[in-house]
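Engineer: If you're matching them up, the sequences are chains A and B in order. In terms of numbering that gives the first Met the number 0, the first sequence has 250 at position 251, counting the first letter as 1, and numbering is strictly consecutive. In terms of numbering that gives the first Met the number 0, the second sequence has 146 at position 147, counting the first letter as 1, and numbering is strictly consecutive.
You may find that some hints are simply not true.
What the hints assert, rightly or not - Just some of the chain B residues that point at chain A, by a computed CB distance under 10 Å:
no., residue
1, 13
2, 16
3, 31
4, 73
5, 76
6, 77
7, 88
8, 138
9, 147
If you are wondering where the hints come from, they were derived from the structure by calculation, not from laboratory data. C-beta: ideal position from N, C-alpha, C; glycine also.
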Amino acid sequence: MAEFEKILFKYIDFPEQDRIDTYMKNGGYAAFRKAVTTMTPEEVTDVVIKSGLRGRGGAGFPAGRKWSFLPKGTGKPVYLTVNADESEPGTFKDRELMEKDPHMVIEGTLIAAYAIKCKIAFIYIRGEFTFAARQLTRAIEEARAKGFVGKNISGKGIDIDIVVHRGGGAYICGEETALLTSLEGGMGYPRVKPPFPAVAGLYGCPTIINNVETLANLPHIINRGAEWFASIGTPKSTGTKIFCLSGHINKPGNYELPMGVPLREVLYDYGGGIKDGHNLKAVIPGGSSVPVLTADKIDVHMDFESLAEAGSMLGSAGVIVIDETMCMVRAALNLAQFYQHESCGQCTPCRQGTYWMLVILNRIEHGEGRMEDLDTLLDICDNIEGNTICPLGDAAVPSVRSTIKQFRDEYEYHITNKACLPGTTAPRFE
Amino acid sequence: MEQTTKGQLSKDSITEILRLKAAYPHRKSAILMVLHVVFDQYGYIDREALSQAAELMELPLVDFEQAASFYTLFPNQPVGKYHIQVCRTLSCHLRGAKELVDMLREHLGIGVGEVTSDGLFSLAEVECLGSCGTAPMMQINDAYYENLTRSRIISILDELKTKVRNG
Numbered sequence: 000m001a002e003f004e005k006i007l008f009k010y011i012d013f014p015e016q017d018r019i020d021t022y023m024k025n026g027g028y029a030a031f032r033k034a035v036t037t038m039t040p041e042e043v044t045d046v047v048i049k050s051g052l053r054g055r056g057g058a059g060f061p062a063g064r065k066w067s068f069l070p071k072g073t074g075k076p077v078y079l080t081v082n083a084d085e086s087e088p089g090t091f092k093d094r095e096l097m098e099k100d101p102h103m104v105i106e107g108t109l110i111a112a113y114a115i116k117c118k119i120a121f122i123y124i125r126g127e128f129t130f131a132a133r134q135l136t137r138a139i140e141e142a143r144a145k146g147f148v149g150k151n152i153s154g155k156g157i158d159i160d161i162v163v164h165r166g167g168g169a170y171i172c173g174e175e176t177a178l179l180t181s182l183e184g185g186m187g188y189p190r191v192k193p194p195f196p197a198v199a200g201l202y203g204c205p206t207i208i209n210n211v212e213t214l215a216n217l218p219h220i221i222n223r224g225a226e227w228f229a230s231i232g233t234p235k236s237t238g239t240k241i242f243c244l245s246g247h248i249n250k251p252g253n254y255e256l257p258m259g260v261p262l263r264e265v266l267y268d269y270g271g272g273i274k275d276g277h278n279l280k281a282v283i284p285g286g287s288s289v290p291v292l293t294a295d296k297i298d299v300h301m302d303f304e305s306l307a308e309a310g311s312m313l314g315s316a317g318v319i320v321i322d323e324t325m326c327m328v329r330a331a332l333n334l335a336q337f338y339q340h341e342s343c344g345q346c347t348p349c350r351q352g353t354y355w356m357l358v359i360l361n362r363i364e365h366g367e368g369r370m371e372d373l374d375t376l377l378d379i380c381d382n383i384e385g386n387t388i389c390p391l392g393d394a395a396v397p398s399v400r401s402t403i404k405q406f407r408d409e410y411e412y413h414i415t416n417k418a419c420l421p422g423t424t425a426p427r428f429e
Numbered sequence: 000m001e002q003t004t005k006g007q008l009s010k011d012s013i014t015e016i017l018r019l020k021a022a023y024p025h026r027k028s029a030i031l032m033v034l035h036v037v038f039d040q041y042g043y044i045d046r047e048a049l050s051q052a053a054e055l056m057e058l059p060l061v062d063f064e065q066a067a068s069f070y071t072l073f074p075n076q077p078v079g080k081y082h083i084q085v086c087r088t089l090s091c092h093l094r095g096a097k098e099l100v101d102m103l104r105e106h107l108g109i110g111v112g113e114v115t116s117d118g119l120f121s122l123a124e125v126e127c128l129g130s131c132g133t134a135p136m137m138q139i140n141d142a143y144y145e146n147l148t149r150s151r152i153i154s155i156l157d158e159l160k161t162k163v164r165n166g
């Protein structure tokens, strides 16, 4: 367990860190001041590009490069939308940042807004996060009172306002184009890309959508420079990452660690090992939408490239730990129900595919499965993948496909014996 | 929740709706936030109040109805005074969410989707609430209750009942 300096979580448990006076005593808003008084928006973008910062919402797209796609001279307003609709099962990092250190999120939002010349930024926060929404709203008012939000910031003629917008309980709205249709007042249906939001986003205007954790990194990058940030992590996955540990682990919670940390270290050195001394069976390393890794794969490094090489994805870094007492058919069924419930119904392959996967998994789990169901499930996966407007369809596939491929014996046992593999049905509630 | 008349938005709700109407470049963007205002006053989406909100917003009622039906946070009929929503998704399932729901069903004497006869509690199973590191968990109205155990649940429910009894 190597020593390293926390960046995003340095003051996370500091008393009253959510108040602007404490935040500023701990160095807060110095980066925003530095940006508006000593840097042009283009210079800010340049530093972020050089830092290598990649989006923390799941896709890992380089943040600065995304900004540079904004068309110039359209005469239309540019919008920034903060994606705070954290809903990927296994992920709970943005909530902690917003609840405990909301000013860091606001400062990051202000820096990004300055860089892309945006006058109104929207924070789209999932509706259930009532406390986090209150924290952000109060932080914005505190920042307004200090002159960081509003008109003519720092006497430089810069106007930036921030509006907190609460969602209505729909996973789909974390998808960036669905988020935009939702923010426009409609039902959260994703849109076909292109045009990409950078060209035609909110109200048809150029729009940037960044994740909360992505933005929280900006004050630190501005304060300490691109080279410093790029020296943390791996050459292609720079900086730290907040890993969310949940499931059968002794010490669940959020851990900020450098990109590229071995999964084994995350589980055993930080997470305290597998709950109740059981053996590890599987890990979903990047939120529920990525393929399952079997227990023998945990020497993988936790960065975008290494996980892709290992056949999975870093995604949102929601690490779900599954021990030997869990039935993998039941795990797949649980997630299939999630995706079926959350499919917006717009695209046939996703609407129908998630429904039939749920029906078939249900009958296997309840002892009515047929051996040919397994190939049918894989066939449904093939028919969803790549055939939908947004990535929700693709996201519904990995939990089913990877569990069939890697735990086929459990499925077959279920079908043959009409029951879970012995030892995989332990009660779990204390 | 302030004192409320059926089918009539309170003064505070009206003020907030008019504030929201002007808070966005296009007022249609405020629809979800207006639904939150109606929900916060009633605990569900009251039809007449929604109609009044649509008039205040100068937008077609159907836009609000569509949104209310698409998003899961806005029930169209009254739920219990304490609406219990248990997260059922994988991380919580791994820590006993199913057993938690079974226990609540037994303790409250109602099924999922039902309200107790005294109108005090209603029970729902919901998808991931973003609280996986503190599983199992439930949300009662807008508060999260995390790291639940059998004994904690009993004391939470008892506390709420006492609160009601003492007005």
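Engineer: Going back to the hint list, which numbers does this structure go against?
Structural biologist: 1, 2, 5, 6
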